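Listed below are the residues making up each chain.
Protein chains: 2
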Amino acid sequence: MAKEMKELTSREESYSQWYNDLVVKAGLAENSAVRGCMVIKPYGYAIWEKMQAELDRRFKETGHQNAYFPLFIPKSFFSKEASHVDGFAKECAVVTHYRLKNDPDGKGVIVDPDAKLEEELIVRPTSETIIWNTYKGWIQSYRDLPILCNQWANVVRWEMRTRLFLRTAEFLWQEGHTAHATAEEAMEETYKMVNIYADFAENVMSVPVIIGHKSENERFAGAVDTLSIEALMQDGKALQSGTSHFLGQNFAKAFDVQFQTKEGGMDYVWATSWGVSTRLMGALIMAHSDNNGLVLPPKLAPIQVVLIPIYKGEEQLAEMVSHLTVIADKLKALGVTVKIDDRDNVRSGFKFAEWELKGVPVRLAMGARDLANGTIEVARRDTLSKEVVVLDGIEHFINNLLTEIQQSIYIRALKFREEMTTKVDSYEEFKQVLEEKGGFLLAHWDGSPEVEEQIKNQTKATIRCIPLDAPEEEGFCIVSGRPSRRRVVFAKAY
Amino acid sequence: MAKEMKELTSREESYSQWYNDLVVKAGLAENSAVRGCMVIKPYGYAIWEKMQAELDRRFKETGHQNAYFPLFIPKSFFSKEASHVDGFAKECAVVTHYRLKNDPDGKGVIVDPDAKLEEELIVRPTSETIIWNTYKGWIQSYRDLPILCNQWANVVRWEMRTRLFLRTAEFLWQEGHTAHATAEEAMEETYKMVNIYADFAENVMSVPVIIGHKSENERFAGAVDTLSIEALMQDGKALQSGTSHFLGQNFAKAFDVQFQTKEGGMDYVWATSWGVSTRLMGALIMAHSDNNGLVLPPKLAPIQVVLIPIYKGEEQLAEMVSHLTVIADKLKALGVTVKIDDRDNVRSGFKFAEWELKGVPVRLAMGARDLANGTIEVARRDTLSKEVVVLDGIEHFINNLLTEIQQSIYIRALKFREEMTTKVDSYEEFKQVLEEKGGFLLAHWDGSPEVEEQIKNQTKATIRCIPLDAPEEEGFCIVSGRPSRRRVVFAKAY
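Keeping their order, the protein sequence lines are chains A and B.
My numbering applies: residue 1 is where the first sequence begins, and numbers increase by one.
My numbering applies: residue 1 is where the second sequence begins, and numbers increase by one.
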């Protein structure tokens with residue numbers, strides 16, 4: 001571990017290498033033998049489980065139910081929604097056979113040519129098609145609506161350039177798919193869910209986000225409107241962290257899902273879909289962590305407090321551990337997750353470095369002097385600051401500290417984003433700020449896909465979103481000079 | 001629904017059709033557009049989520065951590081463990097291509113022949129191979145052991161004849177994969193996990209099970225020893241409900257996973273794997289349900305108590321609902337899951353039938369007379385019995401009743417199993433009992449795979465297990481007449 005620590009590349013040296021090092025060395029994930037597919041290791045999965053629990057609770061509180069739909073989608077389903085096929089069916093895993101047989105040459109197994117599927121199956125890249133094909137059987141009348149389903153599942157998109165958590169061929173996610181009687185109700189759902197994502201990002205992940213509409217170019221394939229939350233990473237690049245789509249009647253028409261209205265007529269059903277994925281793990285890591293390792297908000301930390309004895313000899317170790325156990329039990333009683341690191345085969349310095357690397361929010365260390373004085377050393381992971389605190393009532397002190405850290409991490413990320421958000425009023429300024437500083441650029445745009453495309457080709461920056469809370473402001477598109485009514489958010493993005 | 005109710009085939013008419021009807025009509029699952037793959041509907045998935053939560057807690061309490069491994073396995077991995085390939089790699093979904101393209105004829109999409117994978121990928125039927133290939137990188141020394149990982153995942157086995165929950169091409173499961181320094185420790189883990197499954201089956205599902213060793217013929221492909229839990233369904237057939245495998249050093253040798261022992265030598269790592277799947281849903285349904293629908297044990301019921309107003313006119317409905325809400329709130333405060341069915345567009349009789357179909361353990365109905373008398377009608381789903389109870393302290397009465405129902409369902413299933421378990425001492429008797437009564441047959445067997453095979457071919461009965469608690473008893477194999485030391489359990493099985 002000490003050796004591994006030294007090998008953690010600094011952010012200044014290479015942000016991208018720092019990220020990869022950190023994901024692997026903190027035990028979050030690693031590449032597998034299958035190109036583009038990752039192994040999510042127990043420590044990383046424990047964080048994902050906490051994310052799942054927080055999101056799932058929010059989904060259920062707003063009336064959603066979980067269900068499960070097939071992994072495979074018949075190839076023909078993708079041709080039914082015209083824009084959807086271009087967006088998703090191209091780079092995908094295709095199942096063509098259903099049997100292997102022994103190689104006649106005696107070595108290993110080969111695909112049995114006699115076991116070819118009549119119609120190829122696609123490993124789901126997203127499930128709108130199979131779900132709307134299913135909903136057709138569930139919906140006859142307005143009384144069957146709304147349907148508010150979510151599924152936690154794996155999906156596969158055959159990405160050529162992959163990065164752990166950020167872009168992998170297989171990833172885990174949740175996808176909500178809802179069906180409504182009116183456009184208004186579906187639109188309300190679309191907004192409700194993007195707001196839940198924003199609440200989760202800000203209050204659980206401590207990551208501030210901008211909520212807004214995607215431009216037409218960046219919209220989900222098959223959507224009428226896409227809302228997203230956009231977060232800013234420490235290197236000044238944006239990361240789209242969740243999306244919520246108003247699908248209009250596109251999928252209902254593609255799969256012929258009509259219902260009898262309250263008034264007795266027939267109409268196509270209105271749809272939404274919305275999702276977040278293990279990509280959130282990437283956002284979490286890149287928003288807060290530093291050159292010593294992960295910085296985790298307490299609400300997502302698998303271990304919130306680590307207790308380390310500073311001792312000489314076995315006897316003192318046992319004594320320290322028994323004192324630390326008393327503190328640990330008091331913390332547990334308050335719902336705090338703790339770990340006593342009583343290993344006797346590594347030094348304290350090694351332990352400190354390891355738990356810093358793993359982002360444990362609070363470290364308690366007790367030495368002989370503390371024991372004599374009735375104190376303990378409290379170290380914060382986020383600020384790397386330390387103080388000596390009296391043991392009396394320590395559990396409440398720590399519990400409050402965890403709340404403070406949760407907020408403090410958020411505020412630091414918010415300040416960073418504010419510093420990294422720049423209003424620009426000309427294309428020259430746009431290019432200069434993008435080059436020298438990065439971050440979010442607020443600029444006027446004429447609303448045309450052509451200008452957006454030109455900016456993207458020339459600078460690699462894209463429109464992250466048209467923020468919901470953007471104030472009206474008369475201005476002129478930085479490229480075309482045509483009038484504009486509000487600024488949109490540009491950035492280079494992951 | 002009333003119409004659907006009538007269509008629920010009785011168990012006497014056709015057990016198999018009753019099962020299928022019930023799964024579909026109670027809203028648990030349905031067949032999808034993809035052959036052999038099911039859609040798990042919200043009500044069915046809610047039961048599965050409760051199973052997951054109970055199991056996951058037990059896994060974590062015994063030191064296991066969740067992780068996630070890739071969906072795909074390189075074809076060559078399956079050739080590395082000789083018996084494993086025969087057991088699993090034959091009937092499977094094979095991914096051969098990674099791209100579709102527009103059909104030059106203009107209709108839909110076709111597989112792009114230029115996007116053929118160098119090595120085909122198999123959609124995991126079970127993950128021993130990819131996991132042991134991963135563990136190779138995690139294990140160097142005895143200090144890295146044990147590794148106690150579990151994953152919740154989907155798997156695919158290309159079954160030709162599928163039945164909802166019982167046998168589907170894709171199913172959901174958990175698979176534990178552990179690595180140990182000694183055979184003893186791995187064996188201990190194998191027993192520990194099968195005991196956790198038995199505890200879960202009996203105390204959560206209310207399904208009594210026999211724990212035992214599988215015979216060599218029925219062992220998991222790649223295992224040295226397989227333990228299973230075997231449950232008896234109402235039609236006298238057995239259902240294997242969970243397995244725990246001692247894998248010896250087979251996978252460590254196949255993937256060359258060695259470790260430095262405490263003594264300084266090198267040895268191959270010892271392994272276990274263990275799993276239960278959505279098949280448990282089938283066991284749950286077939287163990288308890290009746291011709292009126294599902295019977296759910298309270299610990300797995302998504303709704304434990306349904307409250308139904310018996311009213312005339314809108315005003316009375318509102319009054320009843322307000323009274324029922326008070327009761328519902330008291331129940332919720334005790335952790336009971338409740339639903340008030342205040343629909344005004346269906347009759348009470350329809351509601352009664354619907355919640356019976358869905359297996360809600362307790363139904364409370366309040367009519368005008370109850371309101372006057374300060375009483376409520378309490379109906380048990382398991383016995384279909386009713387009584388009128390005073391409202392004072394009703395929440396404690398119901399809470400105790402739920403505990404009683406949980407036990408009562410178990411005892412009924414246990415009695416049924418006892419009645420359906422027969423000691424037989426000749427092959428003639430064996431065949432007669434199997435034909436006329438079914439159930440578990442306890443018979444002497446000489447331990448040879450040949451006799452087992454003969455019995456299977458002639459009667460379709462298989463050895464379900466060699467029970468852990470089978471008493472020593474001298475006897476003679478019912479087929480070969482050779483001496484035997486204990487009876488084993490035979491049955492026809494799902």
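Treat the hints as calculated values from the structure; they're not laboratory data.
Just so we're clear, the structure is a prediction, and the values are computed from it rather than from any experiment.
It is possible that part of the hints are untrue.
[As the list claims (entries may be wrong)] Pairwise CB distance ranges, derived in the manner of DEER restraints:
| id | chain 1 | residue 1 | chain 2 | residue 2 | range |
| --- | --- | --- | --- | --- | --- |
| 1 | A | Lys456 | B | Asp114 | 46 to 56 Å |
| 2 | B | Asp199 | A | Ser83 | 44 to 54 Å |
| 3 | B | Ser16 | A | Ile110 | 47 to 57 Å |
| 4 | B | Asp114 | A | Lys386 | 23 to 33 Å |
| 5 | B | Glu435 | A | Ile110 | 52 to 62 Å |
| 6 | B | Lys136 | A | Glu429 | 10 to 20 Å |
| 7 | B | Asp114 | A | Glu263 | 46 to 56 Å |
All C-beta atoms, glycine included, are put in the ideal place defined by N, C-alpha and C.
Tested hints:
At roughly 28 Å, the beta carbons of lysine 456 of chain A and aspartate 114 of chain B sit outside the given window of 46 to 56 Å. In this structure the supplied range 44 to 54 Å holds for aspartate 199 of chain B paired with serine 83 of chain A, their Cβ-Cβ distance being about 51 Å. The supplied range of 47 to 57 Å is broken by serine 16 of chain B and isoleucine 110 of chain A, whose beta-carbon atoms lie about 37 Å from each other. The beta-carbon spacing between aspartate 114 of chain B and lysine 386 of chain A, approximately 60 Å, falls outside the hinted interval of 23 to 33 Å.
Judged by the Cβ atoms, the range 52 to 62 Å given for glutamate 435 of chain B and isoleucine 110 of chain A is violated: they are separated by roughly 44 Å. A hinted range of 10 to 20 Å is violated for the C-beta pair lysine 136 of chain B and glutamate 429 of chain A, which are about 54 Å apart. For the hinted restraint 46 to 56 Å between aspartate 114 of chain B and glutamate 263 of chain A, the CB-CB distance of approximately 53 Å keeps it satisfied.
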